[in-house]
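K.L.:
Here the protein sequences come in this chain order: S and W.
Letter by letter, the first sequence follows residues 186 to 377 in our numbering.
Letter by letter, the second sequence follows residues 6 to 463 in our numbering.
Think of the hints as simulated: they come from the structure by calculation, not from any bench.
Careful: at least some of the hints might be erroneous.
Straight line, CA to CA, 30 Å or less: simulated BS3-like cross-link-like pairs of lysine-lysine [unchecked claim]:
hint: 1; chain 1: W; residue 1: 162; chain 2: W; residue 2: 90
hint: 2; chain 1: W; residue 1: 226; chain 2: W; residue 2: 90
hint: 3; chain 1: W; residue 1: 90; chain 2: W; residue 2: 9
hint: 4; chain 1: W; residue 1: 197; chain 2: W; residue 2: 142
hint: 5; chain 1: W; residue 1: 162; chain 2: S; residue 2: 338
hint: 6; chain 1: W; residue 1: 165; chain 2: W; residue 2: 90
hint: 7; chain 1: S; residue 1: 338; chain 2: S; residue 2: 266
hint: 8; chain 1: W; residue 1: 237; chain 2: S; residue 2: 338
hint: 9; chain 1: W; residue 1: 90; chain 2: S; residue 2: 266
hint: 10; chain 1: W; residue 1: 165; chain 2: S; residue 2: 338
hint: 11; chain 1: W; residue 1: 165; chain 2: W; residue 2: 226
hint: 12; chain 1: W; residue 1: 226; chain 2: W; residue 2: 162
One side only, chain W facing chain S, incomplete, derived with CB under 10 Å [said to hold, decoys possible]:
hint: 13; residue: 124
hint: 14; residue: 126
hint: 15; residue: 244
hint: 16; residue: 248
hint: 17; residue: 270
Glycine included, C-beta positions come from ideal geometry on N, C-alpha and C.
So you can see what is in the structure, the chains are spelled out below.
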Amino acid sequence: MTTDARNQYEGLPGDFAIWIFILAEMLAFGVLFVAYAFARAHDVALFNASQETLNRTFGAINTMVLITSSYFVVRAVNAIKCDLSRDCAWWLGMAWLLGAVFISIKCVEFYDKFSAGITLSTNSFYMFYLALTFFHFMHVLMGMIILAVVIVKARRGGYSSRDHTGVETAASFWHMVDLLWIILFPLIYVIR
Amino acid sequence: MQYKSQAVAKPYFIAAIGLFVGQILFGLIMGLQYVMGDFLFPAIPFNIARMVHTNLLIVWLLFGFMGAAYYLIPEETENELYSPKLAIITFWIFLIAGALTIVGYLLVPYARLAEFTGNNILATMGREFLEQPLVTKIGIVIVALSFLFNICMTLLKGRKTSISLVLVLGLLGLAVFFLFSFYNPSNLVLDKYYWWWVVHLWVEGVWELILGAILAFVLIKVTGVDREVIEKWLYVIVTMTLITGIIGTGHHYYWIGTPEYWQWWGSVFSALEPIPFFMMTIFAFNMVNRRRREHPNKAAVLWALGTGVLAFLGAGVWGFLHTLAPVNYYTHGTQMTASHGHLAFYGAYVCVVITMISYAMPILRGRAANSNTAQVVEMWSFWLMSVSIVFITLFLTAAGIVQVWLQRYSDTPMAFMAVQDKAAIFYWMREGAGVIFLIGLVTYIASFFIKGETKAAA
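Please work from the sequences and hints to get the whole structure.
P.N.:
Spelled out as structure tokens, the structure:
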């Protein structure tokens, strides 16, 4: 992106297009959250009973994992603003590892549910639980791919204090993934 | 014209318009058959007229897309087409195969046609919109492959812009998803499931990429707005299209025997499908308002703005009207669907192909724009066709509401044919609007033959 187009949207960190993308994603998830609320209102008892079977400890650990990874991403952005390319790559690498921890814990949860014979068609609650967490799971993977690309470029010294739009773009996406989970976890695991 | 090989687009555009006329004539025939059931029977039964009407639409839009690609790709990649000769050969193969198929539909009983053309080897026929005989389907694949080869080779050796990449992505998707027309499982649920991978993922997926790319190209040319700005919009629109459109396929999976969760997924994602169309409207108007020059081709600008507005209304609003599962429970397969189909196809795809023809054809004929008189006539044709298709849509919507009310929603539902009689008045009015549409189309064609003082060559 040239300076011209960049200046137009000054104030938003990262590439302008990622913000349109983030808004679109949040809208899609937002509609799904509302749909969940409607479906739950129709059958509160069923939703509460099914919710009991979820592993809240895993959910809570994953929440901490993602929030911590977001903090690491913040450190990475700060590092590159001081021209510390290697530090930036290191912090992003740590965030990436926490992403991998999240994925692993989520896989254990999915495995649990699938081996208990639970599918999308079991009931409305599990449909929403599996669909929402799976969509989110895919976004974590997507975020990890983006982080990996940025890590490789940062290690080669591809960013600097003057030009770090790529780092900010990846950070913005990663924060969105985190934010969605912060809503998802209480909504599906906790609130009753 | 900047590159000599762009000239191959011309026969494609001419064929597209010719087949468009055929499509409208058959539309009028079947529109009349709605209220006079034995009109032209047994020469042209309703099911044959419908098949010809829809197949011609698809084929002429494909001609339009190919012509648009042959015009656009050399200019975007800044080099001559890889093989203009191949493009012309493909043109004739496609045209002759298409014409033979239509003649086959009209002259031979469909079951006999299936027998002649090897349907017993691999059964692919008899499904709505994919009625083409096996040989035609294979022909379409060969044409698509040679077309893509030609386009990709041109792209590989030249400049790569976002517009050409999005266009090629759309065209590749078009070819790949057509392959599902060869997959015809005997389980009716699976058959329908994958049938939508052609039908839905074409018109609400990859075709939208083609639409976006063509619109972006013409807007760059007629407004002179920075490529960067236009390409950023294009990316955002394409992303939204894919996010909403792919899982949006679920709005066809409500009542065909697929799992219940599709009712949620289909409703949620397809409810978001109007957004990229809305963005396209904002995009078109925004770019025209920020224009840096006055392009002499006002007619092309009008068609481009028309694409934005009518695609949003037809695909976006009229699609949303019946996309939520609880609503679709009543409207499924009624005239509501037909009303949406008419305005969506016209607004999105007919308009964008004509936008391209309107922009490119004068240049292909050696001038920047047509004479003022010719443009005024062309603009008249835009209004005649656009207003009449909106009325066709409104009348079909009315017929659809009558149908839902009497046949589905009522405590004492009436039989299908009895309800059709009740809706007859709307079918008559639709036919009237259809005649106006034909007049608009004739006006459009006439605009090509109007002379007068023209602007200097481009």
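K.L.:
Please go over all the hints and tell whether each is borne out by the structure.
P.N.:
Hints versus structure:
{"no.": "1", "hint": "W:162 / W:90", "result": "holds, 18 Å"}
{"no.": "2", "hint": "W:226 / W:90", "result": "holds, 27 Å"}
{"no.": "3", "hint": "W:90 / W:9", "result": "holds, 12 Å"}
{"no.": "4", "hint": "W:197 / W:142", "result": "holds, 18 Å"}
{"no.": "5", "hint": "W:162 / S:338", "result": "holds, 27 Å"}
{"no.": "6", "hint": "W:165 / W:90", "result": "holds, 23 Å"}
{"no.": "7", "hint": "S:338 / S:266", "result": "holds, 15 Å"}
{"no.": "8", "hint": "W:237 / S:338", "result": "holds, 23 Å"}
{"no.": "9", "hint": "W:90 / S:266", "result": "violated, 55 Å"}
{"no.": "10", "hint": "W:165 / S:338", "result": "holds, 23 Å"}
{"no.": "11", "hint": "W:165 / W:226", "result": "holds, 17 Å"}
{"no.": "12", "hint": "W:226 / W:162", "result": "holds, 23 Å"}
{"no.": "13", "hint": "124", "result": "violated, 36 Å"}
{"no.": "14", "hint": "126", "result": "violated, 37 Å"}
{"no.": "15", "hint": "244", "result": "holds, 6 Å"}
{"no.": "16", "hint": "248", "result": "holds, 6 Å"}
{"no.": "17", "hint": "270", "result": "holds, 7 Å"}
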